[in-house]
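Student: Next come the chains, spelled out residue by residue.
2 protein chains.
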Amino acid sequence: MPASRDLAPVFAHIDQNADRIVADLQELCRQPSISTAHVGIEEMAALVKRRLERTGFQAALHRTQGHPIVTGIHPGAGKKTLLFYNHYDVQPAEPLSEWTSPPFEARVVDGYVIARGSTDNKGNIISRLAAFEALLAVRGELPCDVKYLIEGEEEIGSPSLETFIPAHKELLAADGCVWEDTFREDVPVLDLGNKGLLYLELTCRTANVDFHSSNGQIYENAAWRLVWALNTMKDENENVKVEGFFDDVAPLTAKEEELLERIPPYAGEERKRRFALRRFVLDLPDAGLPRRHLTVPSFNIAGFDAGYTGEGVKTIVSGRARAKLDFRLVVNQDPAKITACIRRHLDKHGFADVGVRMLFRSYPAKSDPESDLVRACERASRHLYEKDAVINPFGVGGTPTWMVIRELGMPLVSTGVGYVTARTHSANENLKVEHLIEGAKYMAAICEEFAAH
Amino acid sequence: MPASRDLAPVFAHIDQNADRIVADLQELCRQPSISTAHVGIEEMAALVKRRLERTGFQAALHRTQGHPIVTGIHPGAGKKTLLFYNHYDVQPAEPLSEWTSPPFEARVVDGYVIARGSTDNKGNIISRLAAFEALLAVRGELPCDVKYLIEGEEEIGSPSLETFIPAHKELLAADGCVWEDTFREDVPVLDLGNKGLLYLELTCRTANVDFHSSNGQIYENAAWRLVWALNTMKDENENVKVEGFFDDVAPLTAKEEELLERIPPYAGEERKRRFALRRFVLDLPDAGLPRRHLTVPSFNIAGFDAGYTGEGVKTIVSGRARAKLDFRLVVNQDPAKITACIRRHLDKHGFADVGVRMLFRSYPAKSDPESDLVRACERASRHLYEKDAVINPFGVGGTPTWMVIRELGMPLVSTGVGYVTARTHSANENLKVEHLIEGAKYMAAICEEFAAH
Numbered sequence: 006m007p008a009s010r011d012l013a014p015v016f017a018h019i020d021q022n023a024d025r026i027v028a029d030l031q032e033l034c035r036q037p038s039i040s041t042a043h044v045g046i047e048e049m050a051a052l053v054k055r056r057l058e059r060t061g062f063q064a065a066l067h068r069t070q071g072h073p074i075v076t077g078i079h080p081g082a083g084k085k086t087l088l089f090y091n092h093y094d095v096q097p098a099e100p101l102s103e104w105t106s107p108p109f110e111a112r113v114v115d116g117y118v119i120a121r122g123s124t125d126n127k128g129n130i131i132s133r134l135a136a137f138e139a140l141l142a143v144r145g146e147l148p149c150d151v152k153y154l155i156e157g158e159e160e161i162g163s164p165s166l167e168t169f170i171p172a173h174k175e176l177l178a179a180d181g182c183v184w185e186d187t188f189r190e191d192v193p194v195l196d197l198g199n200k201g202l203l204y205l206e207l208t209c210r211t212a213n214v215d216f217h218s219s220n221g222q223i224y225e226n227a228a229w230r231l232v233w234a235l236n237t238m239k240d241e242n243e244n245v246k247v248e249g250f251f252d253d254v255a256p257l258t259a260k261e262e263e264l265l266e267r268i269p270p271y272a273g274e275e276r277k278r279r280f281a282l283r284r285f286v287l288d289l290p291d292a293g294l295p296r297r298h299l300t301v302p303s304f305n306i307a308g309f310d311a312g313y314t315g316e317g318v319k320t321i322v323s324g325r326a327r328a329k330l331d332f333r334l335v336v337n338q339d340p341a342k343i344t345a346c347i348r349r350h351l352d353k354h355g356f357a358d359v360g361v362r363m364l365f366r367s368y369p370a371k372s373d374p375e376s377d378l379v380r381a382c383e384r385a386s387r388h389l390y391e392k393d394a395v396i397n398p399f400g401v402g403g404t405p406t407w408m409v410i411r412e413l414g415m416p417l418v419s420t421g422v423g424y425v426t427a428r429t430h431s432a433n434e435n436l437k438v439e440h441l442i443e444g445a446k447y448m449a450a451i452c453e454e455f456a457a458h
Numbered sequence: 006m007p008a009s010r011d012l013a014p015v016f017a018h019i020d021q022n023a024d025r026i027v028a029d030l031q032e033l034c035r036q037p038s039i040s041t042a043h044v045g046i047e048e049m050a051a052l053v054k055r056r057l058e059r060t061g062f063q064a065a066l067h068r069t070q071g072h073p074i075v076t077g078i079h080p081g082a083g084k085k086t087l088l089f090y091n092h093y094d095v096q097p098a099e100p101l102s103e104w105t106s107p108p109f110e111a112r113v114v115d116g117y118v119i120a121r122g123s124t125d126n127k128g129n130i131i132s133r134l135a136a137f138e139a140l141l142a143v144r145g146e147l148p149c150d151v152k153y154l155i156e157g158e159e160e161i162g163s164p165s166l167e168t169f170i171p172a173h174k175e176l177l178a179a180d181g182c183v184w185e186d187t188f189r190e191d192v193p194v195l196d197l198g199n200k201g202l203l204y205l206e207l208t209c210r211t212a213n214v215d216f217h218s219s220n221g222q223i224y225e226n227a228a229w230r231l232v233w234a235l236n237t238m239k240d241e242n243e244n245v246k247v248e249g250f251f252d253d254v255a256p257l258t259a260k261e262e263e264l265l266e267r268i269p270p271y272a273g274e275e276r277k278r279r280f281a282l283r284r285f286v287l288d289l290p291d292a293g294l295p296r297r298h299l300t301v302p303s304f305n306i307a308g309f310d311a312g313y314t315g316e317g318v319k320t321i322v323s324g325r326a327r328a329k330l331d332f333r334l335v336v337n338q339d340p341a342k343i344t345a346c347i348r349r350h351l352d353k354h355g356f357a358d359v360g361v362r363m364l365f366r367s368y369p370a371k372s373d374p375e376s377d378l379v380r381a382c383e384r385a386s387r388h389l390y391e392k393d394a395v396i397n398p399f400g401v402g403g404t405p406t407w408m409v410i411r412e413l414g415m416p417l418v419s420t421g422v423g424y425v426t427a428r429t430h431s432a433n434e435n436l437k438v439e440h441l442i443e444g445a446k447y448m449a450a451i452c453e454e455f456a457a458h
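Chains A and B supply the protein sequences, listed in that same order. Counting in this note's numbering, the first sequence runs from 6 upward without gaps. Counting in this note's numbering, the second sequence runs from 6 upward without gaps.
In case anyone wonders, no lab produced these hints; they're calculated from the structure. Treat the hints with care, as some may be off.
Because identical chains share one entry, a pair is satisfied inside a single copy or across any pair of copies.
Stated by the list, open to error - Simulated pairs of lysine to aspartate or glutamate, DMTMM-like, Cα-Cα distance not exceeding 25 Å:
#  : residue 1 : residue 2
1  : LYS319    : GLU241
2  : LYS319    : GLU99
3  : LYS353    : GLU243
4  : LYS319    : GLU243
5  : LYS319    : ASP240
6  : LYS54     : GLU146
7  : LYS54     : ASP24
8  : LYS353    : GLU241
9  : LYS319    : GLU167
10 : LYS319    : GLU160
11 : LYS353    : ASP240
12 : LYS437    : GLU160
13 : LYS277    : ASP352
14 : LYS353    : ASP288
15 : LYS353    : ASP253
16 : LYS260    : GLU391
17 : LYS319    : ASP339
18 : LYS277    : ASP358
19 : LYS152    : GLU383
Just need the whole structure built from these sequences, with the hints factored in.
Tutor: Shown next as C-alpha cells:
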C-alpha cells in the first residue's frame with residue numbers, strides 16, 4: 006500500500022488559481038438550467054460536456070427520454086477508478102423578488118457567490134474539476150482513473166438516471182462513488198446512502214355523491230371507513246401493525262452501532278421551542294432521537310382529505326376519502342413488497358374496498374462504513390481540516406444513491422461543499438468562496454487517499 | 006264537541022277566486038327577498054305586513070338584530086287558537102342562466118308558477134291567507150283564533166327567531182302550530198318535529214409547521230393523532246363508544262312504534278344503483294332503514310383535512326389536522342351535554358390536546374302524534390284527498406320547529422304545499438297552480454277540524 010504523496014503543491018496551485026475557480030463557477034451559474042421548467046437544459050448539458058473536455062476528460066452526451074446525461078472518463082495512475090456524481094439542473098429561482106442580486110448573475114458579494122445552483126450543485130461540479138485540474142497541472146496525472154456522471158433531472162426525481170445506470174454498467178464501473186454534497190457542519194459529513202421512499206394513495210369510495218348529513222345513520226361515510234382502516238395499521242403508540250412490514254429490515258452491523266453511538270443527541274428542547282412541538286413521538290429523550298430517526302422506517306400520513314374542508318359549517322356524508330401515505334424505508338425493505346403487505350392487511354381487516362395506488366417508489370441503500378472510500382474520505386478530512394469527518398451511516402433523504410449502490414455494487418459516500426447556510430432551494434442560494442476553494446482541496450485529497458491505499 | 010261544518014261553500018269560493026290567489030302569489034314572488042344577500046328584505050317584510058292586514062289581521066313588524074319578524078292576530082269563533090309559521094325569505098336565485106324564465110318574474114307556464122320562493126315559502130303563505138279569506142268571505146268569521154308568525158331568516162338558520170320566541174311567549178301563545186310545508190307525495194305528509202344538529206370542529210396541532218417527512222419517525226403527525234382520536238369514538242360496526250352519548254335518548258312511545266311500522270321500507274336496491282352505494286351501514290335490509298334513519302342519532306365526519314391534499318406526491322408530516330363532526334340528535338339529547346361528553350371522552354383517552362369547538366347547535370324536538378292538531382290534519386287530509394296523511398313522527402331535517410315545540414310548549418305539524426318536483430333551492434323552482442288551490446282548501450279544512458274537536 007503506497008503512502009499518499011505530498012498534496013501541498015496541489016493545494017498551493019488551487020490557492021493561486023482561486024479567482025479562476027470562482028470565475029468557472031460563475032460561468033456555470035450564469036447558464037440557467039431549471040429542470041422543472043425545462044429552461045436552459047440543452048445549453049447546460051453542452052456546457053458541462055465542454056467543461057469536462059477542457060479538463061481533459063473524454064466526454065459524451067447521452068440522449069434520454071428526458072434531459073441529457075453527460076459522462077466523462079479521465080485515465081490516471083494506479084489501478085483504482087473513482088466515479089463522481091453530480092447534477093447540472095437546478096430548482097426554479099422563484100420568488101424572484103426575494104433575491105438580493107439576480108439569481109443567474111452569480112454576483113460575488115462579501116466573499117460569497119450568490120446564485121441559483123451556486124451550491125446545489127454547480128459548486129460541487131467546479132470544486133471537483135478544480136481538484137482534477139490542480140492535480141494534472143502539478144503532477145501531470147491523476148492518482149487514479151476518474152469517471153464523471155452528471156445528470157440533469159435530480160431536482161425532478163432522476164427518472165432517466167434509473168434506466169441509464171443499469172444500461173451503462175461498464176461505462177460507469179468503478180471502485181467507489183463520490184455522490185452529491187451533504188450539508189457540512191464545521192467538518193465534512195460523510196453520508197453513506199439513502200432511505201427508500203414509498204408513496205401510496207389510499208382511496209375509499211362508498212357512493213358516487215356526498216349525501217346530506219341527515220342521512221348519516223344509513224349511508225356509509227368514506228371518511229369513517231378510511232379512519233378505521235388507517236387505525237388498524239398503526240396504533241397510538243406508534244406500533245406498525247401491518248404484518249411483514251419489518252420483515253426485511255437489516256440488523257445493524259457492529260460498526261454501524263458504533264457510529265450511531267457517536268452521533269450526538271438532538272437538541273430536543275430547542276426544537277420543541279422552535280417548532281412549538283407538543284412532544285417527540287413516544288416522549289423520546291434527546292439521546293434516543295438519532296437512532297429512531299436514522300434506523301427506523303416511517304409510516305406517515307402525508308395527507309388526508311374527505312368531505313367538507315372549508316371554514317364554518319357544511320353538513321355532508323362524504324362518499325369519498327383519500328389518504329396519502331409516505332413510508333421512509335430502510336435497508337432491505339422493498340417498496341413493492343411493502344405495498345403488497347398493505348394490500349393484504351387491508352383485505353384481511355375487511356377493507357378490500359379501499360384502493361391502493363403507488364405514486365412513487367425509490368429504494369433504500371446503504372454503503373459499507375468500513376470501505377476504502379470511507380477511509381479515504383476520513384483521511385482527507387483529517388489532512389485538510391485536522392478533524393474527524395462525521396459519518397452518518399444512514400442518510401435520511403431521498404437522493405437516489407441506491408441507483409449506484411444497488412445497481413453498480415460499489416461503495417458510495419456523499420460529501421462536498423454544501424453548508425447549512427447555503428440556502429439551497431431558497432432565494433439567495435450562495436456558496437462561500439472559501440468553502441469552494443477548501444472543497445477543491447478536499448476532493449484532491451480524496452482522490453489521492455483513495456488511490457494510495 | 007261540535008261537528009265540523011260544511012266546507013263545500015268555502016272550497017267553492019276558493020275555486021272561484023283561483024286567478025286572484027295566483028296573482029297574490031305572483032305579487033309576493035315578484036318582490037325578491039334573499040336573506041343571505043340581504044336583498045329586498047325590508048320591502049318584503051312591509052309587503053307581508055300589509056298583506057296580513059288586507060286579510061284582516063292585526064299585524065306588527067318587529068325589529069330584530071337581523072331581519073324583521075312579522076306577526077299577525079285574527080280573532081275567530083270557538084276557544085282555540087292556531088299559530089301558523091312561515092318565512093318570507095328565499096334562497097339566492099343563482100345560477101341565473103339555468104332558469105327558463107326570470108326567477109322574480111313569476112311567470113305562469115303550463116299551470117305552474119315559476120319563481121324563486123313560489124313553493125319555498127311564499128306559496129305556503131298565500132295558500133293559508135287564501136284559506137282565511139275564503140272562510141271570512143263565506144262565513145264572516147274564522148273557526149278559531151289565528152296567529153301568524155312570519156320570519157325572514159329561515160334560509161340562514163333563523164338566528165333572530167331563537168331569541169324572539171322566548172321573548173314573545175304571550176303574543177305567540179296558541180293550542181297548536183302549523184309549521185312550514187313538507188314535501189307532499191300524493192297525500193299530505195305530517196312531519197312532527199326535527200332532529201337537533203350539533204356541529205363540532207376538532208383540531209389537533211402537534212407543531213407550528215409541517216415537517217419534511219424524512220422526520221416522520223420522530224415528530225408527531227397531527228393526522229395520525231386525529232385518526233386515533235376519532236377511532237376511539239366510533240368503531241367499524243358503527244358503535245358509538247362515547248360515554249353518555251345515548252343517555253338522554255327518549256324511548257319511543259307505543260304510538261310512535263305503530264307509526265314507524267307503517268312507514269314503508271326504503272327502496273334500497275334502487276338507491277344502491279343510483280348512488281353506486283357499496284352498501285348501507287351494517288348491511289341493513291330495506292325494512293330496517295327507516296327505523297335507523299328516523300330514530301337513531303348520527304355521529305358523522307362531515308370533513309377531515311390534514312397535510313397535503315392535492316394531486317400527486319408531496320411528503321410532509323402534518324403539524325395540523327382538523328375534523329368536522331356533525332351529529333343529528335334525537336329527543337332528548339342536548340348539544341351542550343353531547344359536546345361535554347366528547348370533551349370528557351378525548352381527555353379520558355389521552356387526547357386532551359385535541360381541541361373541540363362548537364360551530365353550530367340546534368335542538369331536537371318531537372310533537373305528540375296523538376294531539377288534537379295531528380287528528381285535525383288527518384281528518385282534513387281525508388276530507389280533501391280521501392286518503393290518510395303520511396305521519397312522520399321524526400323529522401330528519403334541521404328546520405327549527407324546536408323553537409316552538411320546546412319554547413312555547415305546543416303541538417306542531419309541518420304540512421303544506423311543497424311537492425317533490427318543486428325544485429326548492431334550485432333553478433326553476435315552481436308551484437303547480439292546482440297544488441296551491443288544493444293547499445288553500447287543505448288549510449281551511451285544518452282550521453275547521455282543529456276548531457271543531
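Student: Confirm or reject each hint.
Tutor: Status of the hints after comparison with the structure:
no.: 1; hint: LYS319 - GLU241; verdict: between (29 Å within a copy, 24 Å between copies)
no.: 2; hint: LYS319 - GLU99; verdict: between (37 Å within a copy, 19 Å between copies)
no.: 3; hint: LYS353 - GLU243; verdict: both (21 Å within a copy, 19 Å between copies)
no.: 4; hint: LYS319 - GLU243; verdict: between (33 Å within a copy, 22 Å between copies)
no.: 5; hint: LYS319 - ASP240; verdict: between (30 Å within a copy, 23 Å between copies)
no.: 6; hint: LYS54 - GLU146; verdict: within (20 Å within a copy, 103 Å between copies)
no.: 7; hint: LYS54 - ASP24; verdict: within (22 Å within a copy, 89 Å between copies)
no.: 8; hint: LYS353 - GLU241; verdict: both (21 Å within a copy, 14 Å between copies)
no.: 9; hint: LYS319 - GLU167; verdict: between (46 Å within a copy, 20 Å between copies)
no.: 10; hint: LYS319 - GLU160; verdict: between (40 Å within a copy, 14 Å between copies)
no.: 11; hint: LYS353 - ASP240; verdict: both (17 Å within a copy, 17 Å between copies)
no.: 12; hint: LYS437 - GLU160; verdict: within (22 Å within a copy, 64 Å between copies)
no.: 13; hint: LYS277 - ASP352; verdict: between (39 Å within a copy, 23 Å between copies)
no.: 14; hint: LYS353 - ASP288; verdict: between (32 Å within a copy, 19 Å between copies)
no.: 15; hint: LYS353 - ASP253; verdict: within (21 Å within a copy, 37 Å between copies)
no.: 16; hint: LYS260 - GLU391; verdict: within (23 Å within a copy, 92 Å between copies)
no.: 17; hint: LYS319 - ASP339; verdict: between (42 Å within a copy, 20 Å between copies)
no.: 18; hint: LYS277 - ASP358; verdict: between (40 Å within a copy, 16 Å between copies)
no.: 19; hint: LYS152 - GLU383; verdict: within (21 Å within a copy, 94 Å between copies)
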